[in-house]
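Residue numbers (my numbering), protein chains in the order written: chain A, 1 to 204; chain B, 205 to 423.
One thing to keep in mind: the hints can contain errors.
[Said to hold, decoys possible] Heads up, incomplete: computed chain A residues facing chain B, CB under 10 Å, no partners named: (1) 25; (2) 26; (3) 29; (4) 33; (5) 34; (6) 39; (7) 42; (8) 149; (9) 150; (10) 155; (11) 171; (12) 174.
Don't read these hints as lab results, they were simulated from the structure. Heads up, the beta-carbon is just placed ideally off N, CA and C, and yes, glycines get one too.
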Amino acid sequence: MPTTKISIFSILLAVLFISGCSTSAQVQIDSPFPTVVSKPKAVKAAIVFTDEFKTYLATPNRTTSIDLGSAQTELLSNAFAGLFRDIEFVSTAADVTLENALVITPSVQEVQVSTPSDTYLNVYEVWIKYNLDIQTASGDPVDSWFMPAYGKTPDSFMLSKTNAIEEATVIALRDAGAKLMLDFYRIPSVYNWLVREQLLDEEQ
Amino acid sequence: MNKLLALCCATLLAGCGATTTIDEYRPNNQIMEINGEESVVILGRRDAGHYDTDREFIDCVASKMEGADIGVFPEQQFVDAIYPWFEPRTAPKGLKRLTRLMEDPAIKQQIERNHIRYLVWLDGSTETHDKGGSISCAIGPGGGGCFGFAQWEKSSIYEAIVWDLTNLTEKGRLRVDSSGTSYLLGVVAPIPLLTPVKNDACASLGTQLKQFFTLDQVQ
């Protein structure tokens with residue numbers, strides 16, 4: 001009987017030890033994001049955050065899942081608020097009430113993750129590929145803008161896979177906000193629409 | 205015999221010292237005044253693909269500056285305070301871009317609110333190369349031990365660029381180049397003889413950077 005108990009204990013110990021080497025990671029993004037410092041332009045926009053976008057769970061590979069939904073909604077809400085003076089957030093395009101506004105529907109095209117075991121580099125990397133579908137309030141298409149974002153950890157020293165992917169994802173999300181703030185008004189079709197609608201003031 | 209052993213140890217330890225060179229460039233001899241309310245922010249460049257200026261080094265340089273009673277504004281707090289304009293994608297690489305950023309009243313206001321006078325960009329990394337030798341360890345019923353010899357060389361190259369956020373000018377540049385060899389001896393027990401290359405680079409850069417600033421005692 002004592003031998004059986006020792007065997008069970010040994011097996012349990014071995015299972016625990018091996019499970020410690022598990023390479024799966026379920027990442028939840030809990031970090032808060034800073035408010036953007038920007039003077040919004042006198043442009044109206046409605047941002048359509050679909051339920052799918054708000055609850056988006058990325059599965060870049062079999063062993064990794066990243067709960068991006070609430071973090072990306074928070075970050076992009078903040079960034080869009082820095083771009084437009086009049087803004088509303090809705091769940092479907094049918095709910096838009098603003099007139100003469102841009103209607104922007106962001107979606108995630110793809111999320112990719114690379115780990116040191118994949119690349120032999122000493123960093124974890126995350127790519128998030130967004131697409132912004134931009135229309136006018138009357139439903140005329142303006143553009144479909146591809147917006148890639150990238151984040152990497154400084155190194156992988158003493159980082160668990162989950163923490164490292166979380167850190168890289170937060171950096172990628174911040175990069176998405178930076179890309180949006182920097183480049184949105186440089187999109188030629190958006191610029192042309194603003195000119196057509198005479199929404200650019202003198203300083204622009 | 206004892207003298208020989210002591211001599212050997214002294215020679216070996218002396219070999220663990222890092223060689224550090226500092227180059228300084230200042231466009232003029234004007235002193236850089238900073239009052240008790242103003243602070244300096246030390247930022248790492250993170251836009252290179254193959255390396256990031258590590259936070260540990262930035263914290264180390266910041267602690268050397270703080271030791272001289274110079275107010276140092278925390279890097280992450282600064283980057284968050286004017287998000288997204290100092291992210292790797294958007295951070296100004298030159299004074300021209302900085303001037304354009306400072307034309308934005310919202311950004312200028314944030315910098316003034318936090319009393320940030322100078323910005324120090326740190327760019328560089330510490331790398332290990334020229335690894336040589338081998339060491340092996342074994343354990344058996346009668347005991348265990350290591351035998352062998354390994355060595356590697358580390359080099360730290362960092363550059364600091366000081367920008368004045370009031371005048372929007374470059375106040376100077378410092379470059380530190382530190383290198384040294386570390387050893388691992390396997391004589392039953394492994395004996396590491398490590399050269400603190402990065403620490404040396406940090407101490408030298410921090411000390412030199414402190415001398416850039418003159419604390420205005422009147423305020």
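Outcome of the hint check:
1. Taken as an interface hint, residue 25 of chain A does not check out: its beta carbon lies about 22 Å from the nearest beta carbon of chain B, beyond 10 Å.
2. Hint on residue 26 of chain A is violated. Least Cβ distance to chain B is approximately 26 Å, over the 10 Å limit.
3. A distance limit of 10 Å between C-beta atoms decides the matter here; for residue 29 of chain A the minimum to chain B is near 16 Å, and the interface restraint is violated.
4. The closest approach between the C-beta of residue 33 of chain A and any C-beta of chain B is roughly 8 Å, which is under the 10 Å cut-off, so the hint is satisfied.
5. Restraint check, residue 34 of chain A versus chain B: the minimum CB separation of about 4 Å is within 10 Å; hint holds.
6. Look at residue 39 of chain A: its Cβ gets to within about 5 Å of chain B, closer than 10 Å, so that hint holds up.
7. Nearest Cβ of chain B to the Cβ of residue 42 of chain A: about 15 Å, over the 10 Å cut. The hint is violated.
8. The closest approach between the C-beta of residue 149 of chain A and any C-beta of chain B is roughly 9 Å, which is under the 10 Å cut-off, so the hint is satisfied.
9. The restraint placing residue 150 of chain A at the interface with chain B holds, with a minimum CB-CB distance near 9 Å, inside the 10 Å limit.
10. A hinted interface residue such as residue 155 of chain A counts as satisfied when its beta carbon comes closer than 10 Å to some beta carbon of chain B; here the least separation is about 8 Å, so the hint holds.
11. Taking 10 Å as the C-beta contact cut-off toward chain B, the hint placing residue 171 of chain A at the interface holds, the least distance being around 8 Å.
12. Because the closest C-beta pair between residue 174 of chain A and chain B is about 6 Å apart, less than 10 Å, the hint holds.
The structure shown violates the earlier hints numbered 1, 2, 3 and 7.
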